[in-house]
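Chain by chain, the residues run as shown.
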Amino acid sequence: DGGITQSPKYLFRKEGQNVTLSCEQNLNHDAMYWYRQDPGQGLRLIYYSQIVNDFQKGDIAEGYSVSREKKESFPLTVTSAQKNPTAFYLCATTQGWNTGELFFGEGSRLTVL
Amino acid sequence: AQSVTQLGSHVSVSEGALVLLRCNYSSSVPPYLFWYVQYPNQGLQLLLKYTTGATLVKGINGFEAEFKKSETSFHLTKPSAHMSDAAEYFCAVSSTSGTYKYIFGTGTRLKVLA
Numbered sequence: 001d002g003g004i005t006q007s008p009k010y011l012f013r014k015e016g017q018n019v020t021l022s023c024e025q026n027l028n029h030d031a032m033y034w035y036r037q038d039p040g041q042g043l044r045l046i047y048y049s050q051i052v053n054d055f056q057k058g059d060i061a062e063g064y065s066v067s068r069e070k071k072e073s074f075p076l077t078v079t080s081a082q083k084n085p086t087a088f089y090l091c092a093t094t095q096g097w098n099t100g101e102l103f104f105g106e107g108s109r110l111t112v113l
Numbered sequence: 001a002q003s004v005t006q007l008g009s010h011v012s013v014s015e016g017a018l019v020l021l022r023c024n025y026s027s028s029v030p031p032y033l034f035w036y037v038q039y040p041n042q043g044l045q046l047l048l049k050y051t052t053g054a055t056l057v058k059g060i061n062g063f064e065a066e067f068k069k070s071e072t073s074f075h076l077t078k079p080s081a082h083m084s085d086a087a088e089y090f091c092a093v094s095s096t097s098g099t100y101k102y103i104f105g106t107g108t109r110l111k112v113l114a
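Protein chains in written order, with the working numbering: chain A, 1 to 113; chain B, 1 to 114.
Hint data in this document are derived by calculation from the structure and do not stem from the laboratory. For clarity, every value in this text was computed on a predicted model and none was experimentally measured. What you were told as hints is all true, and nothing was included just to trick you.
Listing some non-contacts, in silico: residues in chain B with all C-beta distances to chain A over 10 Å:
{"id": "1", "residue": "Leu7"}
{"id": "2", "residue": "Val13"}
{"id": "3", "residue": "Gly53"}
{"id": "4", "residue": "Thr55"}
{"id": "5", "residue": "Phe63"}
{"id": "6", "residue": "His75"}
{"id": "7", "residue": "Asp85"}
Beta-carbon label-pair distances, calculated as ranges:
{"id": "8", "chain 1": "B", "residue 1": "Gly16", "chain 2": "A", "residue 2": "Lys14", "range": "46 to 56 Å"}
{"id": "9", "chain 1": "A", "residue 1": "Gly16", "chain 2": "B", "residue 2": "Ser84", "range": "35 to 45 Å"}
{"id": "10", "chain 1": "A", "residue 1": "Ile60", "chain 2": "B", "residue 2": "Thr72", "range": "22 to 32 Å"}
{"id": "11", "chain 1": "B", "residue 1": "Pro79", "chain 2": "A", "residue 2": "Glu62", "range": "40 to 50 Å"}
{"id": "12", "chain 1": "A", "residue 1": "Thr79", "chain 2": "B", "residue 2": "Tyr39", "range": "26 to 36 Å"}
{"id": "13", "chain 1": "A", "residue 1": "Gln95", "chain 2": "B", "residue 2": "Gly53", "range": "11 to 21 Å"}
{"id": "14", "chain 1": "A", "residue 1": "Ala81", "chain 2": "B", "residue 2": "Glu64", "range": "40 to 50 Å"}
{"id": "15", "chain 1": "B", "residue 1": "Pro30", "chain 2": "A", "residue 2": "Asp54", "range": "24 to 34 Å"}
{"id": "16", "chain 1": "B", "residue 1": "Lys111", "chain 2": "A", "residue 2": "Asp54", "range": "41 to 51 Å"}
{"id": "17", "chain 1": "B", "residue 1": "Pro40", "chain 2": "A", "residue 2": "Lys71", "range": "29 to 39 Å"}
{"id": "18", "chain 1": "A", "residue 1": "Gly16", "chain 2": "B", "residue 2": "Thr52", "range": "45 to 55 Å"}
{"id": "19", "chain 1": "A", "residue 1": "Ile51", "chain 2": "B", "residue 2": "Gly16", "range": "46 to 56 Å"}
Glycine is no exception: its CB is placed at the ideal position from the N, C-alpha and C atoms.
Build out the structure end to end from the sequences listed, making use of the hints.
What follows is the structure, encoded as structure tokens:
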């Protein structure tokens, strides 16, 4: 089945450690996104990529990094510079602006101990 | 700049009652508008979307929404609530200018009372 796979579903890390969240899609979509979700704040855009080897910062990119070496993959690294990394992270894709909707993965919950 | 406002972070309705979740947007260009539903610890699922054409949009699970340009609104309704409708609902807007960016509201948590 076509879809978006995020892993791991749950992740714990100690302060000062980097962690990488995986997002893989087999929908053949060009654009991919990372959102952060905190209670009462909706979804906030971290990074997005319209095409392979290109990506743009979103509204809250500080302390995060991404890469887009393959069309199917858009991993997010939460670095030790991110001051409050505990959150639910959502990966999404879309075919393009003329199609419209975002398709979401199941999310990854990161807890910093 | 585009923005989305959802009035009411929490809404409670009785089972069988009308569901009305409010969404207002601001956009300098005609927007694409979306409603998504999220169940606990899951991703978002599209309920319905407005791109062009008919302003009354029907979605899954009996939900519908009406695009009202004069009121800059896109409220979500369902005639009769079911217990399974309890979830968080997000309104979103995307730019039609090709920037690939989507703006989400802060969400409304719907509680359905037996």
